[in-house]
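**Q** If you're matching positions, the sequence shown starts at 75 in the numbering used here and goes up one per residue.
It is possible that some hints are incorrect.
[What the hints assert, rightly or not] Derived CB-CB ranges, DEER-like:
(1) E256 / T297: 22 to 30 Å
(2) E256 / N197: 17 to 25 Å
(3) D83 / E256: 27 to 35 Å
(4) R293 / S232: 21 to 29 Å
(5) N177 / S336: 42 to 50 Å
For the record, the hints were derived by calculation from the structure and aren't laboratory data.
Computed from a predicted structure; not experimentally measured.
C-beta: ideal position from N, C-alpha, C; glycine also.
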Amino acid sequence: MNPTITLKDPRGNSVTSGKIYLSRGAIYEINHPPPGTWKLTVSRAGKHSYQVKGSSKTNIDFEHFFVMIPSRGRTKRPIPISHPLLGKQALAIITVAGAKMINSKTLKLDLISKDGRLLRTTNISPRGTSGAHFSASFTPPPAPFSLKLRGKTKKGYSFQRNSRNLVHPSHALIRVLYARNEFTVPKGGKGFVVFVVYNTGNTERFDIKVKDRLKYVARLRRTSITVRKGRKSFFSVSFKAPYSAARGSSNEVLATVTGQTSKKTVGHVVRLMVV
Numbered sequence: 075m076n077p078t079i080t081l082k083d084p085r086g087n088s089v090t091s092g093k094i095y096l097s098r099g100a101i102y103e104i105n106h107p108p109p110g111t112w113k114l115t116v117s118r119a120g121k122h123s124y125q126v127k128g129s130s131k132t133n134i135d136f137e138h139f140f141v142m143i144p145s146r147g148r149t150k151r152p153i154p155i156s157h158p159l160l161g162k163q164a165l166a167i168i169t170v171a172g173a174k175m176i177n178s179k180t181l182k183l184d185l186i187s188k189d190g191r192l193l194r195t196t197n198i199s200p201r202g203t204s205g206a207h208f209s210a211s212f213t214p215p216p217a218p219f220s221l222k223l224r225g226k227t228k229k230g231y232s233f234q235r236n237s238r239n240l241v242h243p244s245h246a247l248i249r250v251l252y253a254r255n256e257f258t259v260p261k262g263g264k265g266f267v268v269f270v271v272y273n274t275g276n277t278e279r280f281d282i283k284v285k286d287r288l289k290y291v292a293r294l295r296r297t298s299i300t301v302r303k304g305r306k307s308f309f310s311v312s313f314k315a316p317y318s319a320a321r322g323s324s325n326e327v328l329a330t331v332t333g334q335t336s337k338k339t340v341g342h343v344v345r346l347m348v349v
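Given only the sequences and the hints, what does the whole structure look like? Please build it.
**A** This is the structure we're talking about:
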């Protein structure tokens, strides 16, 4: 028996225009949908799923990345990182597309578990003067999570947007500290990259692996390092490009560290250009 599918708009009217019937479902194509709460009813279908997609020339959306603020040194410039560190306050930088249409005072950021549960809610603060950049600080949960941005438009309509990828917080983090000649390797010459590993968990020894697409790794000076709790440690990698290498070619390098006790692996991708 085919399922019965009905869709009602915010006024309670059944939507029939733009409905495409399928053998075991339906597709609704709706132009200029009025704002408000829509109701989808599916009967005689058993287990089922649905998906909603929308497009607009002025659609509201957001992107985010995480940063850390150096605790030492003269500069306090934020450093982009791949994921938040467990046991440390996470600082997320959020860029909102369509920010001119939203009431920024109503913005909230939800942390959502992998199975859709609300973990916590945090406030969002404006960052800079553009009106499109915001920041949020929170204690990261120990399990993967996604971000949900919600609030109201200037016309008073509620909206919510979900991040595209899961965030995987960890006690360990690896990033580039320094790259010789601004991430380039001379044709027939050598390049040099220094990585730094942070650890907020128990003191642990980490195994190091470095793989690159063009096989230019010349020397990995250490194959493992010990990083004490709350500290950081360093290792370096040398690269050599052959004379036959094409100038302008890009070499993708993946550096990973794996805890010998925790068995947790974190990685960082860096791109080196042949010049």
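**Q** Look at the Cβ atoms of D83 and E256 and judge whether their distance stays inside 27 to 35 Å.
**A** 55 Å, violated
**Q** Taking the beta carbons of E256 and T297, is their distance inside 22 to 30 Å?
**A** 27 Å, holds
**Q** For the pair R293 and S232, does the Cβ-Cβ distance stay inside 21 to 29 Å?
**A** For S232 against R293, whose Cβ atoms are near 56 Å apart, the range 21 to 29 Å is violated.
**Q** Taking the beta carbons of E256 and N197, is their distance inside 17 to 25 Å?
**A** 38 Å, violated
**Q** Given the range 42 to 50 Å, decide if the beta-carbon distance of N177 to S336 lies inside it.
**A** Holds, at about 44 Å.
In this structure, the earlier hints numbered 2, 3, 4 are contradicted, and the remaining ones agree with it.
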